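**Q** Below, each chain spelled out in residue letters.
There are 2 protein chains.
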Amino acid sequence: MDKTISPRTMGRLPIYYRYLEELQRMGVDRISSDKLAERIGITSSQLRQDLSAFGQFGHHGLGYHVGPLLERVSDLLGLNQPHRLVLVGAGNLGRAVASYEGFTRRGFLIKRIFDADPQLAGTYIAGAPVAPVTELGAYLAAEPTDVGVIATPATAAQEIADTLVAGGVRAIWNFAPVRLAVPDHVLVEHTHISDSLLLLSLRLHMQD
Amino acid sequence: MDKTISPRTMGRLPIYYRYLEELQRMGVDRISSDKLAERIGITSSQLRQDLSAFGQFGHHGLGYHVGPLLERVSDLLGLNQPHRLVLVGAGNLGRAVASYEGFTRRGFLIKRIFDADPQLAGTYIAGAPVAPVTELGAYLAAEPTDVGVIATPATAAQEIADTLVAGGVRAIWNFAPVRLAVPDHVLVEHTHISDSLLLLSLRLHMQD
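So the protein lines, in turn, are chains X and D.
For reference, each letter of the first sequence is one residue, going 1 to 208 in the numbering used here.
For reference, each letter of the second sequence is one residue, going 1001 to 1208 in the numbering used here.
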């Protein structure tokens, strides 16, 4: 990938992406640099630096073109390359993740869903077939998979992570409220709903 | 609340909480300071500073008592005060949030769930009654509520946020992938599943 973009600018890419995608959904073709800077939460001069690192997407005075800029940000985020996923855990959270419409649009293809309940085997969730979790290892051995999503109870998460790692995934997206031990070459992205709840409690408490 | 604890230490409270809670669930009574520091990701000397700010929870050589320390961290996080919640949106994500067992344990009580589908009215999700979203404003006027949780599609989120603010909530926990405009006195905690997905994509892409 392009190594000339600074880490700070890279860190802002998800914010650019989310805002530009929202603009595109609302049918907006062009955005002024002042408004864009304000929504990203940076100064106009930082914005100009970011955009010149991305390439050329309009004239400062006339504003920027939403479509091409979104396309470029997507490229930089690696969203235009497909990633094969398996999802483990078909409870409410797993179903919510599987049903998330942004997945496929962003190149994340859920190939199969695994669950401890054998009754779910043979059903489909959001278009993906469900299989018994006992088949996870054999599946990964046969089907190269980039990312494993863990949406199981905390108690099961480490064992699933071990199976995913042994099966050769490059990354784990973990929703279980537990820290996972994995080798250094495997990326782990945590989404801990409980952490947000704790932060919210802390912030409310600090207001008192 | 206790203002003598530094912001850095405060920021570590959710990490302490998560780890200590895990230890307690596993039946561990005592933890050595070295192990605790390692899991929190700080040095032993930072740990001693944190713990002396919390109070006294054991002797450095003998390790720390998990139970009393967890209780103190919970207090500092404001988890021992009950908060009344409403949840808006009873789709997969809303159900996952409502079913999250950590809620009640942490003093967050879901009093009612609202959904746009009138067919769900009168049913119960995770013990909480479901009502039509058209009744949200009237409910808030009658029942003082601390926190509104938004688990609706992005398109509905701002209108729901406006209703919650007009109804006097102090905080909004937003799962919809959209930025909300709210007055300064209302806290907003965002949990954007899509941001984690974007970061994961970016990190995978940077490995390539």
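Worth double-checking, as some hints may not be accurate.
These stretches of chain D come out as covered by chain X in the derived footprint (C-beta under 8 angstroms, 3 or more residues) [claimed, not checked]:
| id | stretch |
| --- | --- |
| 1 | 1016-1024 |
| 2 | 1062-1072 |
| 3 | 1077-1083 |
| 4 | 1087-1096 |
| 5 | 1102-1115 |
| 6 | 1132-1144 |
Label-pair restraints from in silico Cβ distances [claimed, not checked]:
| id | chain 1 | residue 1 | chain 2 | residue 2 | range |
| --- | --- | --- | --- | --- | --- |
| 7 | D | 1104 | X | 159 | 37 to 45 angstroms |
| 8 | X | 123 | D | 1062 | 51 to 59 angstroms |
| 9 | D | 1084 | X | 118 | 35 to 43 angstroms |
| 10 | X | 129 | D | 1024 | 32 to 40 angstroms |
| 11 | D | 1038 | X | 117 | 34 to 42 angstroms |
| 12 | X | 80 | D | 1153 | 46 to 54 angstroms |
Counterexamples of contact, computed for chain X against chain D with all Cβ distances above 10 angstroms [stated by the list, open to error]:
| id | residue |
| --- | --- |
| 13 | 27 |
| 14 | 28 |
| 15 | 108 |
| 16 | 138 |
In case anyone wonders, no lab produced these hints; they're calculated from the structure.
On a predicted model such as this, the values are computed, not experimentally measured, just so you know.
All C-beta atoms in this analysis are idealised placements derived from N, C-alpha and C, irrespective of residue type, glycine included.
**Q** Evaluate each hint against the coordinates.
**A** Now for the hints, and whether the structure bears them out:
{"no.": "1", "hint": "1016-1024", "result": "holds (count 4)"}
{"no.": "2", "hint": "1062-1072", "result": "violated (count 0)"}
{"no.": "3", "hint": "1077-1083", "result": "holds (count 5)"}
{"no.": "4", "hint": "1087-1096", "result": "holds (count 5)"}
{"no.": "5", "hint": "1102-1115", "result": "holds (count 5)"}
{"no.": "6", "hint": "1132-1144", "result": "violated (count 0)"}
{"no.": "7", "hint": "1104/D - 159/X: 37 to 45 angstroms", "result": "violated (27 angstroms)"}
{"no.": "8", "hint": "123/X - 1062/D: 51 to 59 angstroms", "result": "holds (53 angstroms)"}
{"no.": "9", "hint": "1084/D - 118/X: 35 to 43 angstroms", "result": "holds (40 angstroms)"}
{"no.": "10", "hint": "129/X - 1024/D: 32 to 40 angstroms", "result": "holds (38 angstroms)"}
{"no.": "11", "hint": "1038/D - 117/X: 34 to 42 angstroms", "result": "holds (36 angstroms)"}
{"no.": "12", "hint": "80/X - 1153/D: 46 to 54 angstroms", "result": "violated (25 angstroms)"}
{"no.": "13", "hint": "27", "result": "holds (13 angstroms)"}
{"no.": "14", "hint": "28", "result": "holds (14 angstroms)"}
{"no.": "15", "hint": "108", "result": "violated (7 angstroms)"}
{"no.": "16", "hint": "138", "result": "holds (24 angstroms)"}
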